[in-house]
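Use the sequences and the hints to build the structure in full.
Listed in order, the protein sequences are those of chains A and B.
First residue of the first sequence? That's 169 in my numbering, and the numbers climb one at a time after it.
First residue of the second sequence? That's 13 in my numbering, and the numbers climb one at a time after it.
Derived from the structure by calculation, the hints contain no laboratory data.
Please note: incorrect hints may appear among the correct ones.
[Unchecked claim] The calculated DSSO-like cross-link candidates involving lysine-lysine, where the alpha carbons are at most 27 Å apart (straight line), are: (1) B:K76 x A:K208; (2) A:K279 x A:K350; (3) A:K206 x B:K112; (4) A:K279 x B:K112; (5) A:K259 x B:K76; (6) A:K216 x B:K24; (7) A:K316 x B:K181; (8) A:K245 x A:K206; (9) A:K316 x A:K211; (10) A:K305 x A:K316; (11) A:K305 x A:K273; (12) A:K208 x B:K181; (13) B:K112 x A:K198; (14) B:K76 x B:K136; (15) A:K211 x B:K24; (16) A:K206 x B:K136; (17) A:K198 x B:K51; (18) A:K211 x B:K112.
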Amino acid sequence: MTVMDMLRIMFNLSALYIVGGLILAGVYAKTSPIMYIKAKEEKEAALKQMMPEAETIEELGHWEIYRRHPGYFVGKKEGAEMGYIVEGFGKGYSSYINVLTAVDKDFTVQKINILHHAETPGLGDEIELDDFTDQYKGKSVEHLVVVKGFTDTDIQAITGATISSRAVTEAVREGVKTLIAKVSGESNEEESSEEVKHD
Amino acid sequence: MIKPRSNWELFKNGIFGENTIFRMAISLCPSIAVTSGLKSSFYLGFAVVFVQVMVNVTVSLLRKVIHPRIRIPIFMLIIAGWVSVIDMGMAAFVRDVYAKIGLYIQIIVAFASIFARAEVFAGKNKMVPSFFDGLGMGIGFLIALCIIGFFRELIGKGSLWGFQIIGTKPILFFIMPAGGFLAVGILMAFFNWIDIRFFGGKGASGV
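Next up, the structure:
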């Protein structure tokens, strides 16, 4: 290899890096704002669907599960808090299941929505069906437990998809628990601060 | 020296003679991963057409500038660049599809079919023939994906493009990966049979 070859290779690679970099930067500059806006709109639409009566939905903060940081939100109507929405993850059979849960002010589940999963078609993906998700309605946190076989009070597992059923329930339960801890914890802190001094 | 082929012949060659999936049997991984629905098949096929054409054109334009010793890494860079472009474009404009096939768009970088055309054809030919070669190859791949996607979605989900068509419970096996292999195999055999029966060809193995 001559010096000329080396120079040519250097020139080839540098030119390609610069031109390629410029093209990619241009495309990124055009597409990333669209991506950002659309992702935001999708998220807002999903939240709105969870609590159609609410006028505004505000983000309160984030919590941690399986190294992910889903958010929790408060829904307000005419300035009064109507209920809360929490995003959660559960570890399913072949994926992490992403669930949105809406609760009222007493932390009773109103509605859940499976946002994303990659469970087995025909078995695990039945967690999306209304027959399964409707079970969560009206459940308080102590009844968010999966039971195999018939149950009126708890969550009945889907036959052949116990792990997926458990994962959804886990996502909902941990989300609601976090809400109880964070939301009521915050309002109690001020009230109970005096008691702490006595102790 | 092989006699030069017309642009139309080059285009046709990609669709019939050297169809990526049914004839060359390469890039089978995505052909099974994304073809559980017609819609995702179509969009991945579209992304491949774009990348294949752009890579072929870029490589043939640069073929005299590129130093032969580093042509492989340079091809990789060109492919990776165009894949990133289509990746960002699809993430912005067809988000619902991208959520499903985003991962496979990124691995277009490693598609044997694209690399092979850059090395075998575009690196040795002028821009216009390279363009038609890429277009033919890409569209051949797109058509193959759509045919597989069509049958798998129809049989496995009873729907097409997301719309329910058949009311009864479908054969779920066909939308699972194993069913994908079976579907590709059956279709490959079918096209070989057509070729042998009606066109006097030797099938994929006889090329």
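Now for the hints, and whether the structure bears them out:
no. : hint            : verdict
1   : B:K76 x A:K208  : violated, 46 Å
2   : A:K279 x A:K350 : holds, 20 Å
3   : A:K206 x B:K112 : holds, 16 Å
4   : A:K279 x B:K112 : holds, 25 Å
5   : A:K259 x B:K76  : violated, 53 Å
6   : A:K216 x B:K24  : violated, 50 Å
7   : A:K316 x B:K181 : holds, 25 Å
8   : A:K245 x A:K206 : holds, 25 Å
9   : A:K316 x A:K211 : violated, 33 Å
10  : A:K305 x A:K316 : holds, 19 Å
11  : A:K305 x A:K273 : holds, 14 Å
12  : A:K208 x B:K181 : violated, 36 Å
13  : B:K112 x A:K198 : holds, 23 Å
14  : B:K76 x B:K136  : holds, 9 Å
15  : A:K211 x B:K24  : violated, 45 Å
16  : A:K206 x B:K136 : violated, 43 Å
17  : A:K198 x B:K51  : holds, 25 Å
18  : A:K211 x B:K112 : holds, 17 Å
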